[in-house]
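Protein chains: 4
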Amino acid sequence: MAVKFYKSENQVPLEMHKVRVVQKLNLLPVEKRLQAIQGAGNNTFLLQNKDIYMDMLTDSGVNAMSDEQTAAMFTADDSYAGSETFNRLRRAVKEVFGTEYLLPAHQGRACENILAEAFVKPGSVAIMNFHFTTTKAHITRCGGEVVEVVDSKGLQPQSDDPFKGNFNLDVLKETIEQYGPENVAFVRVEAGTNLIGGQPVSLENMLAVADVCHKYGVMSVLDASLLQDNVYFMKTREAQCKYMTTKQIYHLLADKMDIIYFSSRKLGFGRGGAITSHNESLMKSLMEFIPLYEGFLTYGGMDVRSIEAVAVGLYESLDMDYISQGPEFIQYLVKELDDYGVPVIKPAGGLGAHLNCSEILPELPHNQYPAAAVAAALYIAGGIRGMERGTVSEQREPDGSERYAELELLRLAMPRRVFTLSQVKYCADRVKWVWDNRDLIGGLQWTEEPKVLRFFFGRMKEIG
Amino acid sequence: MAVKFYKSENQVPLEMHKVRVVQKLNLLPVEKRLQAIQGAGNNTFLLQNKDIYMDMLTDSGVNAMSDEQTAAMFTADDSYAGSETFNRLRRAVKEVFGTEYLLPAHQGRACENILAEAFVKPGSVAIMNFHFTTTKAHITRCGGEVVEVVDSKGLQPQSDDPFKGNFNLDVLKETIEQYGPENVAFVRVEAGTNLIGGQPVSLENMLAVADVCHKYGVMSVLDASLLQDNVYFMKTREAQCKYMTTKQIYHLLADKMDIIYFSSRKLGFGRGGAITSHNESLMKSLMEFIPLYEGFLTYGGMDVRSIEAVAVGLYESLDMDYISQGPEFIQYLVKELDDYGVPVIKPAGGLGAHLNCSEILPELPHNQYPAAAVAAALYIAGGIRGMERGTVSEQREPDGSERYAELELLRLAMPRRVFTLSQVKYCADRVKWVWDNRDLIGGLQWTEEPKVLRFFFGRMKEIG
Amino acid sequence: MAVKFYKSENQVPLEMHKVRVVQKLNLLPVEKRLQAIQGAGNNTFLLQNKDIYMDMLTDSGVNAMSDEQTAAMFTADDSYAGSETFNRLRRAVKEVFGTEYLLPAHQGRACENILAEAFVKPGSVAIMNFHFTTTKAHITRCGGEVVEVVDSKGLQPQSDDPFKGNFNLDVLKETIEQYGPENVAFVRVEAGTNLIGGQPVSLENMLAVADVCHKYGVMSVLDASLLQDNVYFMKTREAQCKYMTTKQIYHLLADKMDIIYFSSRKLGFGRGGAITSHNESLMKSLMEFIPLYEGFLTYGGMDVRSIEAVAVGLYESLDMDYISQGPEFIQYLVKELDDYGVPVIKPAGGLGAHLNCSEILPELPHNQYPAAAVAAALYIAGGIRGMERGTVSEQREPDGSERYAELELLRLAMPRRVFTLSQVKYCADRVKWVWDNRDLIGGLQWTEEPKVLRFFFGRMKEIG
Amino acid sequence: MAVKFYKSENQVPLEMHKVRVVQKLNLLPVEKRLQAIQGAGNNTFLLQNKDIYMDMLTDSGVNAMSDEQTAAMFTADDSYAGSETFNRLRRAVKEVFGTEYLLPAHQGRACENILAEAFVKPGSVAIMNFHFTTTKAHITRCGGEVVEVVDSKGLQPQSDDPFKGNFNLDVLKETIEQYGPENVAFVRVEAGTNLIGGQPVSLENMLAVADVCHKYGVMSVLDASLLQDNVYFMKTREAQCKYMTTKQIYHLLADKMDIIYFSSRKLGFGRGGAITSHNESLMKSLMEFIPLYEGFLTYGGMDVRSIEAVAVGLYESLDMDYISQGPEFIQYLVKELDDYGVPVIKPAGGLGAHLNCSEILPELPHNQYPAAAVAAALYIAGGIRGMERGTVSEQREPDGSERYAELELLRLAMPRRVFTLSQVKYCADRVKWVWDNRDLIGGLQWTEEPKVLRFFFGRMKEIG
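Residue numbers (the numbering used here), protein chains in the order written: chain L, 139 to 602; chain Y, 139 to 602; chain C, 139 to 602; chain A, 139 to 602.
Calculated from the structure, these hints are not laboratory results.
A quick note: this is a predicted structure, and the numbers were derived from the prediction, not measured.
Careful: at least some of the hints might be erroneous.
Intra- or inter-copy, both count: the list cannot distinguish identical chains.
Under the rule of at most 25 Å between Cα atoms (straight-line distance), these lysine-lysine pairs were calculated in the DSS-like manner [as the list claims (entries may be wrong)]:
(1) 599 x 422
(2) 170 x 380
(3) 563 x 380
(4) 259 x 188
(5) 274 x 599
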């Protein structure tokens with residue numbers, strides 16, 4: 139909950155919970171940080187977590203748990219088949235989405251593997267507002283193609299549209315007609331569109347997408363991993379949602395979409411994932427993949443303790459007190475940076491703040507990797523780890539030439555319920571320092587560049 | 139540890155640990171049990187765990203944790219990349235196997251998916267002592283073929299050979315030559331061979347297999363999921379191992395094998411899995427599959443808490459006090475049954491006791507599913523759930539005809555550190571009752587028979 | 139629950155729970171055990187727990203917790219005043235005893251301190267079936283005297299009376315009349331009378347005691363620390379209780395007694411303690427002692443996590459499946475020993491088995507401390523730690539002469555839900571060995587004999 | 139750690155840890171808060187915690203635990219005697235204080251009971267910088283008298299002396315001489331003097347007190363419950379301590395003082411308490427009280443899990459990253475309030491912020507209880523619970539007349555590691571609102587006034 143204070147310069151985000159268990163963090167002296175980032179080849183993925191003060195690499199699987207979740211882990215009913223724990227997960231999913239059928243999987247990408255195996259045929263197309271890395275990987279692995287139909291505002295850093303993750307409905311229809319509905323594997327709606335800054339989709343737009351799908355007889359799939367944040371934005375930015383309960387919104391969506399899947403590393407403050415639906419026959423067609431890739435149908439490759447935690451966490455995903463925490467702390471950080479003049483994607487989305495590094499280092503060409511350079515600089519300046527989301531994260535063209543990213547972003551993810559206002563202020567302060575001293579930052583070049591997944595494993599050094 | 143008591147009829151298995159946390163079990167009245175098994179279509183997979191007193195369905199993911207494992211879960215370093223927790227797992231694997239390279243995965247079948255994707259080409263063959271269900275599924279999915287070269291004693295219920303999981307080395311060589319080494323994806327050694335009763339492989343045989351592979355230039359792969367039990371049998375049944383430490387045995391194997399993988403739902407008393415090796419280039423060829431199917435390289439789709447538990451559990455896998463518990467309780471159960479005349483696979487293996495249902499119900503033909511019938515009877519008689527490992531677990535031939543299993547077994551798995559001598563005695567008593575009253579048990583017929591995985595989801599009723 | 143097996147020599151006690159978390163035990167080699175007991179001056183209190191395989195010193199604070207208790211600890215509402223956790227404890231006590239008023243304390247002896255401070259005036263008398271060490275200490279500290287009126291059968295090792303903890307009602311009345319009701323601080327009924335072997339009191343006798351008290355206008359106090367065991371014996375040994383629920387028994391007692399107190403280290407499988415009553419004014423007279431000695435009224439010196447665990451554990455104290463475990467394992471041990479001819483107190487009580495060391499070492503005089511000698515021997519023989527309950531546990535007379543204990547017992551306490559049948563059999567086996575080799579056991583003499591609490595801190599050596 | 143930000147109006151306190159587990163808080167609507175405080179008779183002790191957003195009643199037993207503490211709880215060695223857990227506590231105390239002897243007790247007041255029982259004779263005097271409620275209660279209960287010799291600055295709200303808890307050494311000497319050293323039970327140094335606002339004592343002053351005691355042959359006792367905060371102030375306010383490690387300070391004190399005791403509800407972020415010393419014979423004289431009042435010498439009435447947590451927490455008490463958190467958040471709150479003009483005790487101490495209610499409501503006489511009135515107002519204004527530390531907390535004179543408190547304070551305690559900057563800002567904001575609207579606040583009068591401990595149980599209503 140964010141409260142407007144009686145006597146305060148601006149709105150301050152406020153946790154509606156207290157802290158029960160903490161874990162020590164290290165803030166190395168700057169010379170050690172310099173050493174660490176050099177040892178990591180200027181790649182934040184290769185830093186050791188013990189050398190990091192604020193780990194803002196991702197929001198996935200690193201959220202704080204509640205006391206109720208922690209407690210639930212201890213009552214887990216450890217059984218391969220027919221576990222009470224799985225029954226509790228089923229009840230939780232039913233409560234949150236209203237759906238009858240449930241298939242568990244060990245995390246979001248595992249759901250994507252199964253959906254791709256089941257529905258993506260060679261030559262088919264999966265249409266979506268925007269791709270996500272693992273989603274695309276599985277679709278292309280199965281011979282499909284990904285087409286993105288996000289509204290153009292979604293890609294404009296300057297646009298302050300409240301729902302920059304929205305589909306362009308006209309382009310959606312055109313795309314379906316162009317490929318032919320029979321060649322569309324599915325239309326995927328990504329709530330809280332990850333790669334364009336955690337930008338939400340409006341309820342109106344989601345429902346319209348579902349209608350389009352229905353009209354064309356095309357399957358609609360909701361990636362609900364970031365739905366919790368998205369629902370927060372619906373409630374606070376979309377007039378029709380103001381007086382709906384969060385549960386009404388979840389149910390409305392589930393009623394309209396053919397299939398929903400999610401990573402519980404995000405939704406549910408836990409680990410694991412699941413696919414759910416009202417549609418029995420669709421779900422039956424997915425069923426056999428679960429034991430093959432994941433585990434038996436009543437645990438799906440998850441630790442039964444994690445299932446307990448997710449079952450509790452899903453209820454928490456309905457609670458505005460909990461789901462507002464992330465977006466409001468991000469909003470605070472974005473405002474702090476924006477007020478100071480730091481180029482940052484607006485409006486604030488649901489996953490983290492995103493620095494626009496092309497504007498921070500306008501002189502630096504894509505092939506000197508400005509986002510990676512800022513990532514390294516911010517670690518040196520403050521022991522803060524962000525994630526490069528720019529050209530380094532792309533894969534070279536088959537001819538070896540660089541494929542330049544549309545945006546050179548540094549993502550500063552905000553794990554839910556983990557960092558405090560003090561730490562967010564510290565983060566803002568360190569970014570301001572980097573911004574003020576941006577002329578110290580030079581470009582990077584590869585010293586080791588793996589063929590695949592270079593952003594994970596590659597190493598770079600400063601140019602000159 | 140099993141001690142020979144001063145004053146006792148026979149050896150009694152003895153836990154070298156005490157109980158810290160317990161969980162209530164229900165023993166329904168017999169009329170409720172009858173109702174429950176009928177509601178489950180006489181399929182023990184479809185029973186609800188709350189209706190079960192002793193769940194002996196599997197030993198996978200249902201082992202009790204130690205206090206140290208439970209504690210470790212709370213110090214988890216929740217980080218996507220570079221987590222200290224993963225470093226601790228790496229150190230544990232290094233300690234246990236001596237291997238340098240480690241790729242995590244969410245459980246054993248996930249490792250198999252990756253190994254199959256990487257190494258099994260259409261038309262290739264994977265040779266092994268015996269198949270395991272998920273192993274075979276991934277190999278055939280990738281277009282490979284499975285060839286089993288277990289020594290013939292392994293399939294003789296009567297044989298009391300101490301290492302019934304051993305390879306027939308001559309057949310192994312012939313098979314390699316027959317297919318040509320270049321068409322052999324790998325030779326897989328399954329420690330504690332699951333589907334033939336958890337029967338161990340001798341150290342001598344394992345090393346000889348590795349030598350054969352080396353000679354032919356074929357990759358050797360050790361499935362170490364049940365290695366803990368297997369090492370116990372090496373120590374107690376194989377002369378050369380008596381004075382070796384458990385660690386020496388693990389290291390010797392790891393030195394000789396090209397790749398080792400395991401399910402931590404068995405090895406390590408936890409959840410998750412991993413692939414490990416001394417061979418950097420082999421491991422690099424697997425690396426990219428981890429982020430695709432599992433999760434980033436430093437968590438591999440596991441809950442970081444589970445990784446902590448496994449890291450501790452792996453050390454426990456070196457401790458004879460812990461690893462003897464399972465085999466010795468199984469041995470006790472097998473001896474009790476054998477002494478009474480119940481047909482049971484001997485010698486006792488490492489996973490559970492296996493009732494030979496063809497001998498229990500000799501009149502009943504395969505297509506009346508004797509193992510399923512005994513499974514249902516034992517649940518009714520004692521609230522005990524075993525797993526059918528007979529014809530129901532097979533898949534029909536393409537022409538719809540039944541494919542009869544070689545053995546009609548009822549597996550009574552023994553989760554590690556979970557049940558006590560009282561409960562094992564209770565189990566033996568209930569089996570004796572079933573044996574004495576076996577003429578009450580009739581055959582079963584399908585009421586719902588799914589096309590695939592019928593043993594998971596199918597339903598049956600009593601004939602006549 | 140104990141089941142009569144279909145095919146079994148005798149009844150076997152059976153846990154109605156499974157094991158979730160275990161803790162490693164060490165069984166030192168015999169030469170190390172010898173060294174350890176000598177290092178401890180032949181006093182089992184001075185042994186280090188790491189040197190012990192079975193710690194049967196006491197049942198207090200060493201019981202295994204349930205999964206539900208463990209989970210509850212994590213939802214603790216950590217507040218000094220008005221905590222929800224305390225409200226949950228209040229509801230649990232209300233459910234179990236039906237009582238309205240509740241004062242928490244950090245354990246049983248803390249309740250005794252408060253009751254003594256409030257009610258025992260110099261010159262007053264507290265009448266009870268039998269004293270307990272700390273009870274007596276507080277009463278005498280406050281200037282009171284303890285008078286024991288247990289039925290004579292209670293002190294006869296040979297008697298097989300089912301309720302050897304019963305009051306002799308005539309002696310009770312005589313004692314009240316002799317001292318005058320106005321000089322009776324209270325009559326204390328100790329359920330599961332500890333120092334005479336955990337022997338129960340019948341419901342009939344307890345109610346009769348309450349009636350006597352009522353008639354004379356004397357306050358009745360129930361020490362319910364071992365009530366859980368006692369209720370088990372009422373249900374199984376007393377005809378009128380057979381068809382009563384455990385809750386009916388608890389409520390009936392609470393309705394009749396003026397005050398109930400208990401140690402949650404025994405009742406409730408936790409840590410802590412409490413005083414409860416229907417009588418508001420009595421409780422108000424105790425209230426001010428709580429903040430003085432213990433802590434504020436809504437936590438009473440307990441860890442709030444322990445309060446959660448106790449709140450859950452009290453419900454478990456109503457569950458025959460749980461409360462039968464202790465007595466039935468004790469019963470099994472006693473029968474094993476008795477069948478072999480080892481002198482042991484009968485019938486089996488609720489706290490542990492008690493070896494009659496005067497009969498084991500009939501030649502050894504009290505001042506050579508037969509019970510301590512057997513305790514040391516059993517530790518050497520099996521790494522098992524019992525508690526001397528004989529002359530060593532007495533305090534010398536003011537003139538320095540020994541005060542000989544009525545019984546020279548070695549108590550082998552049975553922590554609840556901790557040890558298994560294997561371990562109980564092991565214990566029996568080791569006792570049998572000691573019995574068969576009793577001529578090896580010599581007497582002990584002091585090397586260091588503290589003035590007070592010599593049984594805690596004193597050291598002895600073998601004579602000759 | 140507090141960092142001076144690069145771009146920030148003022149210093150912001152910064153946690154050197156992250157959040158692992160959270161617990162939901164409720165912020166009731168204002169009309170419900172009004173109802174709740176009326177239901178509680180305007181006494182914050184009588185509020186239910188579920189109706190409170192920020193519980194700032196006390197810092198005792200409500201501190202967040204670290205992940206290491208939580209983990210340690212699970213490895214507890216549950217043994218009455220000779221537990222490894224107790225050995226770990228012993229090692230921790232040795233590390234922190236360097237002392238050899240250790241007696242455990244269930245919390246701070248239990249130590250005080252024992253010290254009073256052992257050392258306070260009727261007619262004796264205990265001299266201290268300032269009394270604490272329970273300390274005084276035990277001393278007077280044993281017939282002793284408490285004399286306070288705090289430096290006069292300690293009682294001046296306006297004084298900004300950095301060590302307002304210091305002894306006036308001249309008065310100390312005079313007092314000893316006046317009573318005669320033989321009648322001085324002990325001199326007690328309270329670190330972080332609680333009742334005058336958590337004000338620290340300088341190292342120099344503490345050592346000087348010890349010297350005085352030594353010279354007169356009087357026993358010195360350090361109440362180290364708030365020593366962690368006090369050491370932080372020594373390090374940051376006292377020149378000679380700047381380059382000492384925290385451990386050096388702890389050891390220096392322990393070397394000079396005869397006895398140290400502490401509540402682990404404060405020191406060690408846990409529950410429990412202990413007495414420690416270099417002096418064997420002093421400790422032996424206390425030993426027998428432990429089993430009488432607390433529990434056996436190797437657990438002292440604590441839950442063994444709590445002992446594990448304290449053992450870890452004591453090491454954390456050496457870590458400036460952890461021990462700075464409390465004082466710096468308090469400092470921030472005090473500065474916020476002071477800058478706005480709210481009357482608050484300065485300098486900021488170690489336990490919480492203290493509002494000077496006599497200045498907030500200067501018109502309100504003591505017998506209308508201004509501190510209680512402000513406490514009720516703050517709860518209504520923000521769901522925040524403080525503790526009245528004014529006339530309500532005093533006891534009436536024997537003649538029934540009020541005994542007016544020297545200071546009418548509202549204490550806003552800051553549990554360690556529990557609240558965040560957002561919440562501290564919220565708290566400051568609500569206090570500012572109360573300050574600005576102070577003319578709305580009227581006096582209170584009793585509706586139920588208990589004879590003893592009226593501040594705990596009494597009820598009041600608004601006047602007029």
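Hints versus structure:
1. 599 x 422: Classified as between: cross-chain Cα gap 23 Å, same-chain 51 Å, threshold 25 Å.
2. 170 x 380: Only across copies: residue 170 and residue 380 sit 24 Å apart there, 49 Å inside one copy, limit 25 Å.
3. 563 x 380: Answer is neither: 30 Å inside a copy and 28 Å across each miss the 25 Å cutoff.
4. 259 x 188: The answer is neither: 44 Å in one copy and 41 Å across copies each exceed 25 Å.
5. 274 x 599: Neither, since 30 Å and 46 Å both go past 25 Å.
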